[in-house]
Amino acid sequence: KAGVTQTPRYLIKTRGQQVTLSCSPISGHRSVSWYQQTPGQGLQFLFEYFSETQRNKGNFPGRFSGRQFSNSRSEMNVSTLELGDSALYLCASRTGGGISTDTQYFGPGTRLTVL
Amino acid sequence: AQTVTQSQPEMSVQEAETVTLSCTYDTSESDYYLFWYKQPPSRQMILVIRQEAYKQQNATENRFSVNFQKAAKSFSLKISDSQLGDAAMYFCAYRSAENYGQNFVFGPGTRLSVLP
Numbered sequence: 245k246a247g248v249t250q251t252p253r254y255l256i257k258t259r260g261q262q263v264t265l266s267c268s269p270i271s272g273h274r275s276v277s278w279y280q281q282t283p284g285q286g287l288q289f290l291f292e293y294f295s296e297t298q299r300n301k302g303n304f305p306g307r308f309s310g311r312q313f314s315n316s317r318s319e320m321n322v323s324t325l326e327l328g329d330s331a332l333y334l335c336a337s338r339t340g341g342g343i344s345t346d347t348q349y350f351g352p353g354t355r356l357t358v359l
Numbered sequence: 014a015q016t017v018t019q020s021q022p023e024m025s026v027q028e029a030e031t032v033t034l035s036c037t038y039d040t041s042e043s044d045y046y047l048f049w050y051k052q053p054p055s056r057q058m059i060l061v062i063r064q065e066a067y068k069q070q071n072a073t074e075n076r077f078s079v080n081f082q083k084a085a086k087s088f089s090l091k092i093s094d095s096q097l098g099d100a101a102m103y104f105c106a107y108r109s110a111e112n113y114g115q116n117f118v119f120g121p122g123t124r125l126s127v128l129p
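Quick note, the sequences are listed as chains A and U, same order.
Just add 244 to wherever you are in the first sequence, counting from 1, and you've got my numbering.
Just add 13 to wherever you are in the second sequence, counting from 1, and you've got my numbering.
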């Protein structure tokens with residue numbers, strides 16, 4: 245099975261712009277979670293989508309949004325970029341249902357730099 | 014809400030030696046799963062090992078093993094015969110088995126250095 249893929253891998257934007265990141269989960273996985281990772285704050289949960297619905301949400305401003313499509317692919321959008329949004333954005337997928345073997349698998353991440 | 018704590022921000026170990034990374038968690042649930050993830054400098058998070066709370070036997074994956082103490086809510090990772098490739102950030106994580114819709118909870122991580 246192919247793993248979780250994320251595009252693009254690297255992105256450079258300027259303050260005030262918006263950005264869209266994409267994540268394709270492992271085949272059969274219906275849950276996609278997004279995390280922001282920075283040296284100062286560590287790994288912070290953004291949100292989780294399951295069957296096209298946001299199921300969980302972290303403590304991030306409304307500039308951060310996401311969606312999930314019927315094929316479980318997910319996109320994350322950040323509007324009005326700030327310097328502090330520079331981070332590694334990780335996507336993770338899992339089956340999301342009530343099975344005991346449900347484990348989260350991560351993609352390689354998108355490195356976003358805001359200038 | 015569940016929380017996961019890793020009290021050692023950084024650790025180092027000599028190549029071929031053994032090192033133990035600590036993790037404690039707080040939960041009121043009796044059924045759950047615990048994980049250790051590794052994030053090397055390449056940044057790809059990799060699952061190292063997984064433990065079901067209802068199993069008394071500690072999980073083992075080659076040189077990686079855990080010491081799961083349910084009553085103490087402790088879940089440490091032991092790496093035997095440490096190799097240079099083990100140098101990475103290690104995250105401990107919790108997942109509820111009673112509420113499968115609940116998201117994974119991660120600890121802050123421990124950075125492990127392996128000295129040649």
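Among the clues, some could well be false.
[As the list claims (entries may be wrong)] A few chain U residues that face chain A, going by a derived Cβ cut-off under 10 Å, partial list only:
no., residue
1, SER43
2, GLN52
3, PHE77
4, LYS83
5, PHE104
6, GLN115
7, ASN116
[Stated by the list, open to error] Calculated from the model, a selection of chain U residues having no Cβ within reach of chain A, i.e. all distances over 12 Å:
no., residue
8, GLN19
9, THR33
10, GLU42
11, SER55
12, ARG56
13, GLN57
14, SER78
15, ASN80
16, ALA85
17, ALA106
18, VAL118
19, SER126
20, VAL127
Derived from the structure by calculation, the hints contain no laboratory data.
Note that CB positions come from ideal geometry on N, CA and C, so glycine has one too.
Cβ separation check - U/SER126 to all of chain A, threshold 12 Å | holds, 16 Å
Separation of U/VAL127 from chain A, once the least beta-carbon distance is taken, above 12 Å | holds, 21 Å
Does the CB of U/PHE77 sit less than 10 Å away from some CB of chain A?
-> With a closest approach of 15 Å, the U/PHE77 hint is violated.
With 12 Å as the threshold, tell me whether U/GLN19 passes as away from chain A on beta-carbon distances.
-> violated, 10 Å
Would the stated hint for U/PHE104 survive a check requiring a Cβ distance to chain A of less than 10 Å?
-> holds, 7 Å
Verify that the Cβ of U/SER78 lies farther than 12 Å from every Cβ atom of chain A, and report whether the claim holds or is violated.
-> holds, 18 Å
Looking at U/ASN80 again, its CB stays over 12 Å from all of chain A?
-> Label holds. Min Cβ-Cβ 20 Å, cutoff 12 Å.
Have a go at the U/LYS83 hint: is there a Cβ in chain A nearer than 10 Å to its own Cβ?
-> With a minimum Cβ separation of about 17 Å from chain A (threshold 10 Å), the hint on U/LYS83 is violated.
Non-interface claim for U/GLN57: all C-beta distances to chain A beyond 12 Å?
-> About 5 Å separates U/GLN57 from the closest Cβ of chain A, which leaves it inside 12 Å; violated.
Taking the closest Cβ pair, is U/SER43 under 10 Å from chain A?
-> Violated. Min distance 15 Å.
Hint status (Cβ of U/GLN115 to nearest Cβ of chain A, threshold 10 Å) = Holds. Min distance 7 Å.
Does U/ALA85 really sit off the interface, with its C-beta more than 12 Å from all C-beta atoms of chain A?
-> Correct as stated: the minimum Cβ-Cβ distance to chain A is 23 Å, above 12 Å.
When the structure is compared with the earlier hints, violations turn up for hints 1, 3, 4, 8, 11, 12, 13, 17, 18 and for no others.
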